[in-house]
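Number of protein chains: 4
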Amino acid sequence: MGEVRAQMCRPLRKDAERNRQRILTAARELLAEQGCGVSHDQLAEAADVAVGTVYRRFPDKDSLLEALFEEDVDRIVHIARAALEIDDPWKALVTFVTRSLELQAGNRGLKEFLMYNVTSGTMTSCRARLLPVIDELVARAHVAEVLRPGICSYDLGMIPLMVGPVMDGCREVQPDLWRRSLEIVLDGLRPCPERYRLSAPGLQAEEFLEVMRSSHTSPTRR
Amino acid sequence: MGEVRAQMCRPLRKDAERNRQRILTAARELLAEQGCGVSHDQLAEAADVAVGTVYRRFPDKDSLLEALFEEDVDRIVHIARAALEIDDPWKALVTFVTRSLELQAGNRGLKEFLMYNVTSGTMTSCRARLLPVIDELVARAHVAEVLRPGICSYDLGMIPLMVGPVMDGCREVQPDLWRRSLEIVLDGLRPCPERYRLSAPGLQAEEFLEVMRSSHTSPTRR
Amino acid sequence: MGEVRAQMCRPLRKDAERNRQRILTAARELLAEQGCGVSHDQLAEAADVAVGTVYRRFPDKDSLLEALFEEDVDRIVHIARAALEIDDPWKALVTFVTRSLELQAGNRGLKEFLMYNVTSGTMTSCRARLLPVIDELVARAHVAEVLRPGICSYDLGMIPLMVGPVMDGCREVQPDLWRRSLEIVLDGLRPCPERYRLSAPGLQAEEFLEVMRSSHTSPTRR
Amino acid sequence: MGEVRAQMCRPLRKDAERNRQRILTAARELLAEQGCGVSHDQLAEAADVAVGTVYRRFPDKDSLLEALFEEDVDRIVHIARAALEIDDPWKALVTFVTRSLELQAGNRGLKEFLMYNVTSGTMTSCRARLLPVIDELVARAHVAEVLRPGICSYDLGMIPLMVGPVMDGCREVQPDLWRRSLEIVLDGLRPCPERYRLSAPGLQAEEFLEVMRSSHTSPTRR
DNA sequence: GATGAATGAGCCTTCATTCAT
DNA sequence: AATGAATGAAGGCTCATTCAT
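Protein chains in written order, with the working numbering: chain A, 1 to 222; chain B, 1 to 222; chain C, 1 to 222; chain D, 1 to 222.
To be clear, the hints were calculated from the coordinates, so they are not data collected in a lab.
Do not rely on the hints blindly, as some may be mistaken.
To list a few chain D residues with every Cβ distance to chain C over 12 Å, as calculated [claimed, not checked]:
{"#": "1", "residue": "Glu-17"}
{"#": "2", "residue": "Ala-32"}
{"#": "3", "residue": "Val-38"}
{"#": "4", "residue": "Val-51"}
{"#": "5", "residue": "Ala-128"}
{"#": "6", "residue": "Val-143"}
A short, non-exhaustive set of chain C residues, derived as facing chain D with CB atoms under 8 Å [what the hints assert, rightly or not]:
{"#": "7", "residue": "Gln-21"}
{"#": "8", "residue": "Thr-25"}
{"#": "9", "residue": "Leu-161"}
{"#": "10", "residue": "Met-162"}
{"#": "11", "residue": "Gly-164"}
{"#": "12", "residue": "Gln-174"}
{"#": "13", "residue": "Asp-176"}
{"#": "14", "residue": "Leu-177"}
{"#": "15", "residue": "Arg-179"}
{"#": "16", "residue": "Asp-187"}
{"#": "17", "residue": "Gly-188"}
{"#": "18", "residue": "Arg-190"}
{"#": "19", "residue": "Leu-203"}
{"#": "20", "residue": "Phe-208"}
Computed from a predicted model, the values in this text were never measured in an experiment.
Just so it is clear, CB atoms sit at the ideal spot from N, CA and C, and this is done for glycine as well.
Input sequences plus hints: build the corresponding full structure.
Spelled out as structure tokens, the structure:
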């Protein structure tokens, strides 16, 4: 919110911009380590500015989280583009998902943000940036028939949500355990003609797509 | 801890037991709605007792959460037993998982508890109660060759973690959306001979089992 | 207070008396170690009775402290009597004071009680029991002219107050340091003809005695 | 601690300094009356600031007590310096001790602080400020042979501890009664060649000094 | 704009005391 | 009489947010 206005109005004064960067840098590190619960005071101290400055730049915690998240999305877009270079469409998809999750693995704040913002406006706008690339990854896989029919980009979008808690819960035990759960999910995305079907299957693809699209155009606010 | 003693020593006095139930009832509702962050004061007010009473019965938040969780585990054990009555081994497994998740769907507190207690002692003891039954479900499925080789009970244990955030994130959009993600995971558990394999697969079954078992015998303390 | 009534009315029932003793025994130990700040719950637990029982027997903390103090006074009277057996009047006095303080040295609760009850009714009645014996010690010393003229029993009564804080403050450094301060005080009690005098001396003996006596007949209540 | 930083870094902002003074003023009064047990809430109300402000300035009770105590020490140093102006070495000593105690007489908090901080770091640093001046008072008295051989500054340091409880205990009876006990102690400090000796004297001077010095260089932490 | 002090609500916890069982 | 559960005031502390400097 506050962020948006700042970007619209005019470029920030030089020192203000420098402070903004300091805050972002400090916040990135702190949030990755300690999650979204860090206090404004901690942030301010780490950034070596006063609390008031944090508030001026990021009127609420969300606007800060969003700014950080935007940067993460940049990287994920980058990963997705890189994956498009891979010839094997399934391998491309797997590479994209795996790389994205590795990004998320060490970043506690990011996982929390994802969990509490599935339907937020920020998430919607970020999805808008990601969807074209992911759609292409998905489309290629469908053409090659290496993806279970009916799977769409939104299904991929759930994966970070699903794997995050496994990362957190198992880190102490074995930091890579999440890869096993991911493998199961990826297997679940594969086509498998002779597979048994649940008698009462969940949402079918068309219905699912409609629900997701409508929700993201006019996002539900909590 | 405090709870344990109460259960070991002798039945509570009648009035005490009544208050204990009041607290549990209020807590169940509050936690389901608002998550584990509810304060002792809120609990006391909702249960219509004084704070001190809450503290007497549940000296720390954990002991309360654990009491509630025990009840949930009771139900899940029940669900698992009921599933064993189903002839079709795959259907039994699916039914168990689905019913368990339905239990969890409306309960924010339960989901949070699961996420933050993967390696806790409580979770370990609860797992000890659940594992025998689940093991049987899994064994039957393996015998019938309807479960991907290498899948074990611990893999099933990750499912609540994985589906929880999808439930939360999508509730506002469409409360049943998680069933679709679950379907993907369940498909991932199916055997599929001709399936492609990831070039760099995650933990293999044997290694995985060893890690999980060792961690749960002497659980890592946070 | 409550104590008094209990003693007046009738002998306690046997189990009640047994509980009373348990409480006193536990309290003696706990208070000696931890001072007067121990909670009723601690006391009850240590005595292996319920809090309510502590309250029934000793309606307020003071009545318990007083009961314990009575016992201490018994011992001090005993010490004083024993000191009267010593021929050298000065040595008798010194022995009495030193032994009393040794009693007090390991008893944090006793020191605190003394400090907060100088003018209490209990203290007054205890003093009444002690005074005759101490008076005799003092009188003998005066006759032998080994005590500075004007010193009276009440002056001796201040010594435990004075040495207590030295005991507490220096225990960690050297548990016997208080003996040095005591020595100074004892030296101050000796006659010393050629001694300089303070230009503005404090209360003179007669006045002092009068003040003390009047205060102790009808003790000021805080 | 919190205090220290404030004093080191830079002068406080004007409004902050004003609040700090308010707090100190209120605290001085409250502590003098009610002892060190006053709560942060009481302090805040008396100072007409919010609790948070008290905490910001004095993160723990100790830092507040220390700030107050520093001021008291300032005054005592002043008194000691003034005493050095007095020609008669004994009279100088007596004046110093008496004036210091008068400062302490009406201040319950100060007495408690002294009693519970004999070996604290604060006390050690304060002693460091006082010792030079007191040493001079003591040295002059020794040269003039009006002080019992072996008495040192540390012995004088015990006097406030000793007289404090007498002040408290007797205030209601007669607020000046402590002067009589002080007189005894002062007499104990006088030289007196023909005086009897205790058969088993306490710590001798050399040993005493060593104990005290070592303890105050590296103070024992409670 | 930046600063950081002040605010005060709100959480956690303990404990003296009462009173139903 | 004994028990021990319940009460609730009170103290300790933190932190998001505002606003004077």
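Status of the hint placing C/Leu-203 at chain D (closest C-beta pair under 8 Å): holds, 5 Å
Taking the least C-beta to C-beta distance, is C/Gln-174 closer than 8 Å to chain D? holds, 5 Å
Nearest-CB test (12 Å) between chain C and D/Ala-128: Correct as stated: the minimum Cβ-Cβ distance to chain C is 17 Å, above 12 Å.
With chain D as the partner, please determine if C/Leu-161 meets the hint condition of a C-beta pair closer than 8 Å. holds, 4 Å
Under 8 Å, Cβ to Cβ, is where C/Arg-190 needs to be relative to chain D, so tell me if that hint holds or is violated. With a minimum Cβ separation of about 5 Å from chain D (threshold 8 Å), the hint on C/Arg-190 holds.
Chain C versus D/Ala-32 - minimum CB to CB distance exceeding 12 Å, so not interface: holds, 17 Å
Restraint satisfaction for C/Leu-177 [CB to CB of chain D, less than 8 Å]: Status holds, d = 6 Å.
Proposed interface contact between C/Gly-188 and chain D, which counts if any beta carbon pair is under 8 Å: The hint holds - C/Gly-188 has a Cβ within 8 Å of chain D, the shortest such distance being about 3 Å.
Have a go at the C/Asp-187 hint: is there a Cβ in chain D nearer than 8 Å to its own Cβ? holds, 4 Å
Grab the minimum C-beta distance from C/Gly-164 to chain D and call the hint holds if it beats 8 Å, violated otherwise. Nearest chain D Cβ about 7 Å off; hint holds.
C/Thr-25 as an interface hint toward chain D, with CB separation required under 8 Å: violated, 28 Å
Take the shortest C-beta to C-beta distance between C/Arg-179 and chain D; is it under 8 Å? holds, 3 Å
Hints 7, 8, counting from the list given before, are not met by this structure.
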